[in-house]
Amino acid sequence: MPGWYYDKKELRNTPSAQDGIDYKTEMRYRKEACCCLFLAGKVEETPKKCKDIIKTARGLLTEQKFTTFGEDPKEEMKKTVMTLERILLQTIKFDLQVEHPYQYLLKYAKCLKGDKVKLQKMVQMAWTFVNDSLCTTLALQWEPEIIAVALMYLAGKLSKFEVVDWIGRSPKHLRWWDMFVEDVTMDLLEDICHQKKNYQGWLFSFSSHTGYLKGRDPITHKINTECFQNEYSIYILKQTQALHLIALHRHFKSQGQATPANPVKTSNGQEKSHSPDQPLPINIKIPPPSPPMCHHFLIRHLQELHLL
Amino acid sequence: MAQLGTVSTSKYRGYEGLNRIGRGAHGTVYRAKDKQTGKDVALKKVFVPLTEDGIPMSTLREIALLRQLNSHNHPNIVKLFDICHGQQFEKHLIMYLVFEHVEQDLSTYIERNSRGFSTLQIRSLSKEILDGVDFLHSNRIVHRDLKPQNLLVTHDGHVKLADFGLAKTYDFEMRLTSVVVTLWYRAPEVLLGLPYATPVDIWSVGCIIVELYCLKPLFCGATEGDQLSKIFRVLGKPREDEWPEELVTIKWDSFDVINQIRINQICPNMCETAYDLIMSMLTFDPNKRITALEALNHPYFKEEPINT
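These protein sequences, in sequence, are chains A and B.
First residue of the first sequence? That's 1 in UniProt numbering, and the numbers climb one at a time after it.
First residue of the second sequence? That's 1 in UniProt numbering, and the numbers climb one at a time after it.
Careful, some of the hints might be misleading.
[Unchecked claim] From the structure, some residues in chain B lie toward chain A, with a derived Cβ separation under 10 Å:
hint, residue
1, 50
2, 53
3, 54
4, 55
5, 57
6, 64
7, 65
8, 66
9, 67
10, 71
11, 72
12, 73
13, 83
14, 93
15, 276
[Claimed, not checked] Listed below are several chain A residues computed to face chain B (Cβ distance under 7 Å; list not exhaustive):
hint, residue
16, 42
17, 43
18, 82
19, 85
20, 90
21, 93
22, 94
23, 95
24, 96
25, 97
26, 193
FYI, nobody ran anything at the bench for these hints, they're computed from the structure.
A virtual CB, placed ideally from N, CA and C, is assigned to each residue, including glycine.
Sequences are here, hints too, so could you generate the full structure?
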C-alpha cells in the first residue's frame with residue numbers, strides 16, 4: 001500500500017511545475033480539488049454536502065469558467081465528484097487516518113521539567129505552531145512525532161525556555177527528544193523550523209500543481225489513465241484534511257470559543273484558545289469573524305490556497 | 001461463479017477467483033489466487049451503498065479503521081492485504097476486501113477433532129480468542145457476531161478473528177439479503193433487543209469455550225425466546241430484580257426453568273477454574289460480566305492446567 005512522505009525536492013519539483021498545463025487540465029484539477037474537500041469533510045467528521053461545495057465553487061468562478069464544466073454544470077460536476085471519490089479511495093486504499101502532532105506534543109511536554117509558567121507558554125506556542133504547520137507541506141515530509149519535536153524546539157527557542165532536565169533522562173540522551181525519536185539532529189530541526197517559518201513560500205498554487213503524475217493501477221501496477229494522479233491526490237487529500245482542522249479551529253475562534261481540541265489551560269485552570277493578542281510568529285491571515293456557515297470557511301481556505 | 005466474474009473481468013486482474021467459501025451469514029467470501037504471489041487469498045465482497053452524498057461516512061470510517069488495525073499486525077486478527085473496487089451500480093458499489101486465506105475455521109477444526117482437545121489446547125485456543133477480542137475492544141470495535149465459523153484456525157493451530165468491523169456496512173447488505181443469522185452465541189441483551197456493547201463478545205467467547213470442552217454448541221435456540229429459555233435452563237433464570245422490566249416486552253414470568261442442567265454437568269471434563277471463568281463470562285447482567293482483559297488475567301490462564 002502506498003506511503004506518502006516526500007523529499008523536499010520532490011515536493012518542489014512537481015511534474016506540473018515543469019510542464020505548462022492547459023486550460024482543460026486545469027478544469028479537471030478543480031473538480032479533483034472539490035472531490036478532495038468533499039471526502040476530507042466526511043473523513044474528518046465535518047461533512048459538507050456535495051452540492052454546497054459545488055455552490056461554493058460556482059460562487060468563486062466566473063460564469064464562463066463554471067459553464068466549462070458541461071451542459072448542466074451543477075449536475076455534471078456532481079457526477080464527476082462522485083466518480084472521483086471512488087477513484088480517490090481506490091488510489092489511497094482507504095488509508096484515511098492522518099495522525100496529527102498534537103498528541104505527541106502533549107506527551108513530550110509532560111516529561112519536561114522546569115519553570116511551570118514558562119513551560120506552559122512554550123507548549124502553548126508550540127501548539128499554535130502545529131496549527132500553522134497544517135498549512136505547510138511538513139506533514140508530507142515528516143512523521144507527526146518529528147514535527148512535534150521540531151516545533152517544540154522552535155517554541156522553546158522563541159520563548160527562551162531551555163530544557164535542561166526531563167523525566168526519564170538517561171546518560172545516553174544528549175537532548176530531551178532523544179528519548180522519543182532517533183537520529184534527529186539539530187540541523188534537521190533547524191531545517192524543519194525554517195520551512196515552517198517560510199511556509200507561505202511553501203504553499204503550492206494548487207490549481208497548477210494538483211497532480212500530474214501518471215496514476216498506476218494499484219494492483220496491476222500498470223499505468224491507469226483513469227486513476228487520477230496517485231501521489232498528488234494523496235497530497236491534496238492530506239492537505240485538505242489538515243486544512244479542515246484549521247477551518248474548525250478558526251470557526252471556533254471566530255465564535256469566541258476555545259478550540260475544543262486545545263487542552264492548554266491558563267494558570268487558573270480555565271481552558272483558553274491561543275490568545276488573539278499574542279502575535280503570531282508568522283504572517284498568517286486570521287479571517288474576521290463571520291457567520292458560522294461552513295461554506296464560508298471553505299471559500300476562504302480555497303481562496304487562500306488559490307484552489308479556485 | 002457469476003459474481004466472481006466481476007473480479008476477474010474488471011480492470012483488477014491481480015486476483016483469479018477460485019471458489020466461493022460462503023463462510024458466515026454474509027455468505028460472500030471467495031477464495032482467490034493472488035497472481036503475483038501465487039498465494040491464496042480470501043476476497044470478501046462488500047456492498048457499499050451510494051447515497052446522495054457518495055460513500056457513507058460510516059463505511060469510510062469502518063474501512064479506514066480496518067486498515068489502521070491491520071497496521072498493528074496482531075497475531076490473532078486476520079490480515080487485510082488489499083482493497084479493490086468492483087462494479088459500480090447506481091445505488092451501490094461493490095468492493096472486495098482482500099484478506100489472508102486461512103484453510104479452516106474453528107467449526108471445522110472442532111469437527112475434525114472428534115476425540116476432543118487436551119486441556120492445554122483448550123486453554124491456548126481460549127487465550128488467543130480473548131487476545132484478539134481484547135485487541136478489538138481496545139480499538140473500540142465490537143465484533144457482534146463471534147462464532148466458531150468466523151474464528152479461523154491456521155494449520156499450526158493458531159486462532160485468527162475474522163468478519164468484524166463492518167457492522168454499519170453490513171446492516172445495508174443484510175437488508176438486501178435477509179439471511180438467517182445464528183442466535184446460538186447471542187448475549188441475552190441482544191436477544192432482548194436492549195442496547196449492547198463489548199460484553200456481547202465476551203458472552204459469545206464463553207459459549208465458544210464451553211463448545212471446545214464438549215464439542216457441541218451450548219445453547220441451540222431456534223427463536224429469540226427459545227434461545228433465552230435454553231440459556232436459563234443451564235444458567236438458571238436471572239433474579240426478578242435483574243430483569244429490565246421497563247425496557248423489554250418479554251415478561252420475566254414467561255420463562256419456567258425445569259430440570260436445570262449446569263455447565264459442569266454437560267462438560268464433566270471441565271476443571272473448577274475453567275468453570276469459574278466461564279460463569280463470569282456468561283453473566284446475565286452485561287455490566288457484571290468479566291471484560292476481555294480481566295478474563296486474560298483470570299487464574300485459569302495463570303495456573304498449571306490440570307489434565308481432566
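Verification of the supplied hints:
1. About 7 Å separates the beta-carbon of residue 50 of chain B from the nearest beta-carbon of chain A, less than 10 Å, and the hint is met.
2. The interface hint given for residue 53 of chain B holds, since its Cβ lies 5 Å from the closest Cβ of chain A, which is under the 10 Å cut-off.
3. Proximity of residue 54 of chain B to chain A holds as hinted, the smallest CB-CB distance being about 5 Å (cut-off 10 Å).
4. Interface hint at residue 55 of chain B: satisfied, since its Cβ lies 6 Å from the closest Cβ of chain A, which is below the 10 Å cut-off.
5. This hint holds: residue 57 of chain B has a C-beta 5 Å from the nearest C-beta of chain A, less than the 10 Å allowed.
6. Given hint, residue 64 of chain B at the interface with chain A, holds; its Cβ is 4 Å from that chain's nearest Cβ, closer than 10 Å.
7. Contact between residue 65 of chain B and chain A, as hinted, is supported at the beta carbon level, the nearest pair being about 8 Å apart and thus within 10 Å.
8. This hint holds: residue 66 of chain B has a C-beta 8 Å from the nearest C-beta of chain A, less than the 10 Å allowed.
9. Because the closest C-beta pair between residue 67 of chain B and chain A is about 5 Å apart, less than 10 Å, the hint holds.
10. A least Cβ separation of about 9 Å between residue 71 of chain B and chain A falls short of the 10 Å threshold, and the interface hint therefore holds.
11. Look at residue 72 of chain B: its Cβ only gets to about 12 Å from chain A, farther than 10 Å, so that hint breaks.
12. Because the beta carbon of residue 73 of chain B sits about 13 Å from the nearest beta carbon in chain A, more than 10 Å, this interface hint is broken.
13. Hint status for residue 83 of chain B relative to chain A: holds, with the closest Cβ pair at about 5 Å, below 10 Å.
14. Against a cut-off of 10 Å between C-beta atoms, the interface hint on residue 93 of chain B holds, since the closest Cβ of chain A lies about 7 Å away.
15. Because the smallest distance between the Cβ of residue 276 of chain B and any Cβ of chain A comes to about 39 Å, over 10 Å, the interface hint for this residue is violated.
16. Restraint check, residue 42 of chain A versus chain B: the minimum CB separation of about 5 Å is within 7 Å; hint holds.
17. The criterion of a C-beta within 7 Å of any C-beta in chain B is met by residue 43 of chain A, whose closest approach is roughly 6 Å, and the hint holds.
18. About 5 Å separates the beta-carbon of residue 82 of chain A from the nearest beta-carbon of chain B, less than 7 Å, and the hint is met.
19. Taking 7 Å as the C-beta cut-off, the interface hint given for residue 85 of chain A holds, the closest approach to chain B being about 5 Å.
20. At its closest, the beta carbon of residue 90 of chain A sits 5 Å from a beta carbon of chain B; the interface hint therefore holds under the 7 Å criterion.
21. A distance limit of 7 Å between C-beta atoms decides the matter here; for residue 93 of chain A the minimum to chain B is near 5 Å, and the interface restraint holds.
22. At its closest, the beta carbon of residue 94 of chain A sits 4 Å from a beta carbon of chain B; the interface hint therefore holds under the 7 Å criterion.
23. A cut of 7 Å between beta carbons decides the hint on residue 95 of chain A: the least distance to chain B is about 6 Å, and the hint holds.
24. With a cut of 7 Å, the hint placing residue 96 of chain A at the interface with chain B holds, because the nearest CB-to-CB distance is about 4 Å.
25. The closest approach between the C-beta of residue 97 of chain A and any C-beta of chain B is roughly 5 Å, which is under the 7 Å cut-off, so the hint is satisfied.
26. Given hint, residue 193 of chain A at the interface with chain B, is violated; its Cβ is 29 Å from that chain's nearest Cβ, farther than 7 Å.
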